[in-house]
Amino acid sequence: MLPIGKVLLASDGFSRDADDPADYVATYTPTARVLDSLTPRPRVDRVLDVGTGSGIHALLAAQHARQVIATDVNPRAIAYTELNASLNGLHNIECRQGSLFEPVEGETFDLITCNAPYVVSPERRWAYRDSEFSEDEVSQRVIAAAAGHLAEGGYAAMLVSWLALDEKAPDEHVIEWAEATGCDSWILSTLNSDPLTHAAEWNSHLVGEALGEALDEWTQYFDSLGVQLVSEGAVILHKRPSGEHTARVDELDEEDLDDAGDQILRAFEARARLAELGADRDLLAARIGMASSLRFIRELEPAGGRAVDVEGSVELTEGTKHAVDASADAQEFVASLDSRMRLDEVIDATAHRLGLSDEEARTLSEEALDVTRELLELGALRFRGD
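Here our numbering is used: the first residue of the sequence shown is 23, the next is one more, and so on.
No lab work stands behind these hints: they were computed from the structure.
Backbone N, C-alpha and C define an ideal beta-carbon position, used for all residues, glycine too.
Pair ranges (Cβ atoms, derived):
1. 319 / 280: 17 to 23 Å
2. 55 / 239: 25 to 31 Å
3. 324 / 173: 56 to 62 Å
4. 232 / 111: 39 to 45 Å
5. 364 / 280: 27 to 33 Å
6. 170 / 324: 55 to 61 Å
7. 144 / 105: 30 to 36 Å
8. 113 / 174: 24 to 30 Å
9. 44 / 280: 33 to 39 Å
10. 174 / 339: 31 to 37 Å
11. 321 / 383: 19 to 25 Å
12. 44 / 105: 15 to 21 Å
13. 375 / 347: 18 to 24 Å
Turn these sequences into a full structure, and let the hints guide you.
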């Protein structure tokens, strides 16, 4: 039994051993924490949790949804989820046994979470890890199906894996999948591994001859596919009714990740507004303020007897903790954003306060637009009224 936030979670525990049964049900693992941290949590009507396992994501969703449907192909996972719902006094969770989205054909949801067995491997050993599909097909299917089951305005948060045949284009597969959904998407890559490293990570429960045999089997499998990189991460979808849909890709340090649900909501709201605005002049007329705690980083080097700025960045101190490159002048501009003045007025006021020349002011204006767009898309800034 493990306390997770406000809920208690029963499962088979943390053990991952060669002797674990095929229907082993994992607890709140590091990957489960990543999905929890990346899940938007507005109050909604219906939630779907695919590959529910011990039911942790269904339990968390039940606290801000009228109804939660939890699916899993593993009957022991269904039993654990029903047990955990009862232990926590949650009566709005319905469990359905079946593969992925099959138990909810024709239904739509306001929020979908999915921690399906996405690990790419030649094995079919454990229900929580290995799917019935080959290569990275299960992740492609999950992304496509989630988009089809989202209600207008809905969100989906999924853990997935994808293969790269060219290490110079590591995210080509997942970008194609995301762009085909007709949703706005945010791809967050947490791990890029060569096949041997990937095989070693997922076979760390083995030792000696058994480990060597497993590594040989796995690497031969990837060699036969021509795979150079195996990536893991999350895909967040937002379904909105109109406009051009975009896919954004960022790396994510899962060890440094905090609760980012509200940040993700702001990020997609900002992207929708940016798509509506279009031209730079429209953004310059907008009023924008801070929405997240920020830190300014500057790197200085000695030159001519004084410290000279070499480079700098604006970093989010919470949520995904992403950073955006920003000069010292651009940092001064960001620090002045309070949603009261138009963006062009903030740029002019910053240039005047810093005593910039006309050329330096033009450079600041160009950089300010780029930095503003990036911080908006990361959910670190917001439009006034949002």
